[in-house]
Each structure stands twice: as structure tokens, then as C-alpha cells.
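Residue numbers (my numbering), protein chains in the order written: chain P, -7 to 111; chain U, 349 to 486.
I should point out that these hints are in silico values taken from the structure, not numbers from a laboratory.
Cβ atoms here follow ideal geometry from the backbone N, Cα and C, with glycine treated the same way.
Some clues are possibly wrong.
Claimed, not checked - EDC-like cross-link-like pairs, simulated, lysine to aspartate or glutamate; straight-line CA separation at most 20 Å:
| # | chain 1 | residue 1 | chain 2 | residue 2 |
| --- | --- | --- | --- | --- |
| 1 | U | Lys426 | P | Asp30 |
| 2 | U | Lys426 | P | Asp32 |
| 3 | P | Lys8 | P | Asp30 |
| 4 | P | Lys36 | U | Asp395 |
| 5 | P | Lys8 | P | Asp32 |
| 6 | P | Lys36 | U | Asp375 |
| 7 | P | Lys52 | P | Asp97 |
| 8 | U | Lys426 | P | Asp78 |
| 9 | P | Lys52 | P | Asp81 |
| 10 | P | Lys36 | U | Asp425 |
To be verified - Reference excerpt, derived from the structure (chain P facing chain U, CB under 10 Å, subset only):
| # | residue |
| --- | --- |
| 11 | Gly13 |
| 12 | Glu17 |
| 13 | Asp30 |
| 14 | Tyr33 |
| 15 | Asn71 |
| 16 | Ser73 |
| 17 | Ser77 |
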Amino acid sequence: MAVNIAIYSNANSTSKSISVGFEGEILAASNASSYTTDIDYFFKFNTGARTDDNIALGVKLNRGLSDLVLNGSRQSAANDSNAYSDITDMITDVVYDYVHGHTADQWSSGVTVQNPMQF
Amino acid sequence: MATVRIYHEEENKYCRVDATLFYTVLDDFTGQFQYYLRITTDIRNLDGSVFPQFLVRTLDDVPPGAATATNWSDLVDKYVNYFMTTAELGQSSSSSSSSSSSSSEEYSSSSSSSEEYSSSSSSSSSSQSSESSSSSSL
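Isolated chain P (complex conformation):
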């Protein structure tokens, strides 16, 4: 059971949706140095929206409050490397990243260019 978050664009009079749920799955190649068959539990974000240059926005996972959205090293909405304070703080920042995107190496996180959400 996932929670759907609607994002409305006032300028375009359209809305997009992001779903977020808490899942337990075996992760393959999850930025790990070795494989494991253990079940991991994490928050999973998904959306059918695309970037402003028409590229599908990917799935984002969160494994813990210190797993920050920009390469695990920085929050998206601010130049902050502190862990999220709670689940609400984490979800807010991941949604911010989906909607606004970020520039390359934003906050020295090493992320590549990603564009904002297309409405």
C-alpha cells in the first residue's frame, strides 16, 4: 500500500503523482560491493512523470534517515549533509528532488545533471 503524492503545476494546470511505499525486497547491485540475498527494507519512490527534456524519472530508494537523496551525501533542498530528522523530512526532500531536479554536482554530491519534472 503506497501513498500517492500529487504535485500540481499552477502554471500548466496539470498535476503529476509520486508514489511512496515501504517495501521489503532483495536488492541486486544496490550500490553494494557484494551481493546479498538478505531482504532489505526501504522506502521506494516511483513516478510516471518525466523530466523537462522528456526522460523518465527513475525510482529512488531510501534505506535510512542518513541515506540522503543526492548520492547519499547531500539533501536536495539545501546544502546539508546531516541525516533527515524523520520520515516526513525525508519524503519532503525526495519529492523536492523529483520536482525541482538539481544541477550537476549540486552541493558537491557528485550527482550528474538531472532536470526538473515536466508538467
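With the hints as your guide, set chain U onto chain P.
For chain U alone, kept in the frame of chain P given last:
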């Protein structure tokens, strides 16, 4: 929603622990929506009572007596372990009346570390004859 299924070999039945994302306005906040995980189980306490539901907002919101979780997997593991050991799931005899004291009220924050959860749980977990398997469902 993530569901952990626990197989009880002696009784040939499954128990489950569910972790579900919810959002609502909680009465201890000032009117703003908050997201949280709700941890529930159908495992029964030794006295037959149900476990309370646990509300999780941070990795500090662990079961009684447990240390802060390092990530969400660790947090789920701690709750599964807490339910299983408190209920002495898999014990051949459930005559013990110990340890499962905090029942029936809704629990929403990390507890005091003085509870006997960890100390009383080790013996029960080591002697469990049931095997547990976990799986997830969406």
C-alpha cells in the same frame, strides 16, 4: 507495505509483521501532516493479548529496550525480534509469565532502555525450534 511472514513450525501456522506507510495529523504535532510507519503484528502475547501498534517517525522509534536502528532494515529486524521473543514464539512451553508487560496502549516513541526486553529475549531466541522465513508483499 512490507510484510514479514514468520512460520511457526510446531503449530504449522504463519504469523505476520506488517510495516505500513501512513500519513496523518498526529495529536502531538501542530496541525501539519506527518508521515510515519505503522508496525503491527498478529502475534499474540503470552497472555493472549494483542501487541500495540507502534508508530515510527525516526530510527529512534524502536521497540522497548532496543538500541537506535541504523537503517530501516535494522529497524524491522528489531521489531520482528521483539515480537518473537516477547511472545516466546517457538517455545515448546509457553508457561512463563515474564516480560510482556507493555500491552494494549498505542506506542509511538522510543522507549526507556531499562526494560528487560533484551535480557529476557536471548534465551528464548536461542532455543526456538521454529524456523522463520521472511518475505515481502506489496
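Quick rundown of the hints versus the structure:
A hinted pair counts as satisfied when its Cα atoms are at most 20 Å apart, and U/Lys426 with P/Asp30 qualifies at roughly 15 Å. Between U/Lys426 and P/Asp32 the CA atoms are separated by roughly 13 Å; this keeps the pair inside 20 Å, and the hint holds. A C-alpha spacing of about 34 Å is found between P/Lys8 and P/Asp30, which places the hinted pair above 20 Å, so the restraint is violated. Distance hint between P/Lys36 and U/Asp395 is unfulfilled; the C-alpha atoms sit about 37 Å from each other, more than 20 Å.
Between P/Lys8 and P/Asp32, the direct Cα distance comes to roughly 28 Å. Violation of the 20 Å bound is thereby established for this hinted pair. Of the pairs offered as hints, the one joining P/Lys36 and U/Asp375 is violated, with about 27 Å between alpha carbons and a cut-off of 20 Å exceeded. Annotation: proposed proximity of P/Lys52 to P/Asp97 holds, straight-line Cα distance about 18 Å (limit 20 Å). For the given pair, U/Lys426 sits about 18 Å from P/Asp78 by alpha-carbon distance, which is consistent with the 20 Å threshold.
Of the supplied pair hints, the one linking P/Lys52 and P/Asp81 holds, its CA atoms being roughly 15 Å apart against a limit of 20 Å. At most 20 Å may separate the alpha-carbon atoms for a hinted pair to count; P/Lys36 and U/Asp425 meet this at roughly 18 Å. With its C-beta approaching chain U no nearer than about 6 Å, P/Gly13 sits inside the 10 Å limit, and its interface hint holds. Interface restraint check: P/Glu17 against chain U, minimum CB-CB distance 6 Å, threshold 10 Å, status holds.
With a cut of 10 Å, the hint placing P/Asp30 at the interface with chain U holds, because the nearest CB-to-CB distance is about 8 Å. Look at P/Tyr33: its Cβ gets to within about 4 Å of chain U, closer than 10 Å, so that hint holds up. Proximity of P/Asn71 to chain U is violated relative to the hint, the smallest CB-CB distance being about 22 Å (cut-off 10 Å). With a least beta-carbon distance of about 17 Å to chain U, the hint placing P/Ser73 at the interface is violated under the 10 Å criterion.
Annotation: P/Ser77 was flagged as interfacial toward chain U, and the flag holds, the nearest CB pair being 7 Å apart, inside 10 Å.
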